[in-house]
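A.B. asks: Protein chains in written order, with our numbering: chain A, 89 to 220; chain B, 89 to 220; chain C, 89 to 220; chain D, 89 to 220.
Just so you know, the hints here were simulated from the structure itself, not pulled from any lab data.
One should not assume that every hint holds.
Since the list gives no way to pick one copy over another, a pair counts as held whenever it fits inside one copy or between any two copies.
Okay, derived cross-link-like pairs now, SDA-like style, lysine to any residue, Cα gap no bigger than 25 Å in a straight line [what the hints assert, rightly or not]:
#1 203 - 152
#2 203 - 90
#3 203 - 98
#4 203 - 145
#5 203 - 186
#6 203 - 218
#7 203 - 141
#8 203 - 160
#9 203 - 176
#10 203 - 135
#11 203 - 164
#12 203 - 106
#13 203 - 89
#14 203 - 150
#15 203 - 214
#16 203 - 189
#17 203 - 127
#18 203 - 166
#19 203 - 178
#20 203 - 154
#21 203 - 171
There are 4 protein chains.
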Amino acid sequence: MTHRTEIRVRYPETDQMGVAHHTSHLVWFEIGRTEMMRSLGCSYADLEREQLFLPVVEVTCRYHRPVGYDDRVVVETGVADVGPARIRFQYRLLRPDTDELIATGTTLHAALNGKRRPTRLPQAIRDRLPAV
Amino acid sequence: MTHRTEIRVRYPETDQMGVAHHTSHLVWFEIGRTEMMRSLGCSYADLEREQLFLPVVEVTCRYHRPVGYDDRVVVETGVADVGPARIRFQYRLLRPDTDELIATGTTLHAALNGKRRPTRLPQAIRDRLPAV
Amino acid sequence: MTHRTEIRVRYPETDQMGVAHHTSHLVWFEIGRTEMMRSLGCSYADLEREQLFLPVVEVTCRYHRPVGYDDRVVVETGVADVGPARIRFQYRLLRPDTDELIATGTTLHAALNGKRRPTRLPQAIRDRLPAV
Amino acid sequence: MTHRTEIRVRYPETDQMGVAHHTSHLVWFEIGRTEMMRSLGCSYADLEREQLFLPVVEVTCRYHRPVGYDDRVVVETGVADVGPARIRFQYRLLRPDTDELIATGTTLHAALNGKRRPTRLPQAIRDRLPAV
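Build out the structure end to end from the sequences listed, making use of the hints.
C.D. replies: Written out as structure tokens, the structure is:
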């Protein structure tokens, strides 16, 4: 199961090479998982209010084609893997009309409690995040 | 009394116009006041640890000349005005060798306590932040 | 005439005070004018392709209430003033349901040509940007 | 051969979790390679002026420990591998006093010419970027 959302490249996300800076793609990945989790009924904002934190502990990204200011980008997000205390998401960034690949990547997240100590993912959340 | 510190323009601070994006200058203002406060013996990181917060409630900036990637920028910071519960800083951004003016600006800060309610600035801090 | 668009606060736009950093509001202003210009039939991306640049030469912002991660923000944009070679936009950031005021601000833009020299605003653009 | 430079965590680099957002580390990697290249006599700003571009085509980062506002971070940069048209850098982020590991990562860069087409790395540059 994958989730799709769409963003537009913002002016400050570009750099003097005339395209989006490589850190922007990680911000769009974050939007992808935020919107995926919201659509699955477990908004990340709510999780943090309930003292569950999912910081990124590993990220990878491959950049296939540049993308420029005001371009639309589809963020396709899936859950690659869910463990007792970890989730890995995977992403594809695509041009909306042609499905040309802009970038692919993954993020691994650890579950932490309000004291920022490792904790188990609640079963209710694991049930809602089905692996691809 | 003014304080001087120096930064270099980072690649992601540039945009596709080939110069630093206009939000970058506000980040450099923030570095200017951070370093000024550190030099006066009241580090802002320590103030927050002691539950004194100084959020920006007003900002102004005039951009005089563009500045590009890897350029050095002098951040000149002064205290424009200190009230019972407010501080206004003023800034000049300059080219280090020629003193050419890149930008000028101001930030107004409210003092908040740990509950994010308005509070008075401790006298010890007011004493250390002499107006220009 | 004002234009309305809506954004959501992104995680990296927050800071350790737990609310959106004060530079984020200027990025949202930029989205407001981008979307306003698109709706008026003169997309800023197209203007730059035709070698008309509108860099920010002055910005002001007053912060009325904090806004947090995942909150929705209405960006209300208007043209305050159009001169032969300058445009001033004005903005209000509002909570969508209550219309509570988050921030207000202005940006002044100079018109530059492909060589980054001052130029006149084409009449076709001036006609499309009616002052409030 | 590795190069060391040091940065301080900026306020807008933090997020509401109270630590530096995971994109900040990639910006510090970029500062590490900028300063390494400068120290080797081939400043990246000069390379771009001579129409050689080195965009990131792949990035990886593992986050070992969080780092907070105003903390100092050592950026240790090395060249992992140099090919005819590619360079891979590797990085370690460390606490300056204890050498505790904050993060490790790599970036792979393609060489592009002024038309943004793949090109060979000039021999003069390959000679100056000795692999670890």
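A.B. asks: Compare the structure with each hint and give your call.
C.D. replies: Do the hints match the structure? See the list:
1. 203 - 152: For residue 203 and residue 152, only the inter-copy Cα distance (17 Å) is at most 25 Å; the intra-copy one is 39 Å.
2. 203 - 90: Neither: 32 Å inside a chain and 36 Å across chains, both beyond 25 Å.
3. 203 - 98: between (35 Å within a copy, 23 Å between copies)
4. 203 - 145: within (17 Å within a copy, 31 Å between copies)
5. 203 - 186: between (45 Å within a copy, 23 Å between copies)
6. 203 - 218: Answer is neither; intra-copy 27 Å and inter-copy 39 Å both fail.
7. 203 - 141: Both: 10 Å inside a copy, 22 Å across copies.
8. 203 - 160: Result: close only across copies, 23 Å inter versus 39 Å intra.
9. 203 - 176: Within one copy only: 22 Å inside a chain, 36 Å across chains, cut-off 25 Å.
10. 203 - 135: both (14 Å within a copy, 22 Å between copies)
11. 203 - 164: neither (32 Å within a copy, 30 Å between copies)
12. 203 - 106: Between. Shortest inter-copy distance 12 Å satisfies the 25 Å Cα cut-off; intra-copy 42 Å does not.
13. 203 - 89: neither (32 Å within a copy, 39 Å between copies)
14. 203 - 150: between (34 Å within a copy, 21 Å between copies)
15. 203 - 214: This pair counts as within: shortest intra-copy Cα distance 21 Å, inter-copy 34 Å.
16. 203 - 189: For residue 203 and residue 189, the Cα distance is within 25 Å only across copies (21 Å; inside one copy 39 Å).
17. 203 - 127: neither (28 Å within a copy, 33 Å between copies)
18. 203 - 166: Cα proximity of residue 203 and residue 166: none, with 28 Å in one copy and 35 Å across.
19. 203 - 178: Answer is neither: 27 Å inside a copy and 32 Å across each miss the 25 Å cutoff.
20. 203 - 154: This pair counts as between: shortest inter-copy Cα distance 13 Å, intra-copy 40 Å.
21. 203 - 171: within (21 Å within a copy, 37 Å between copies)
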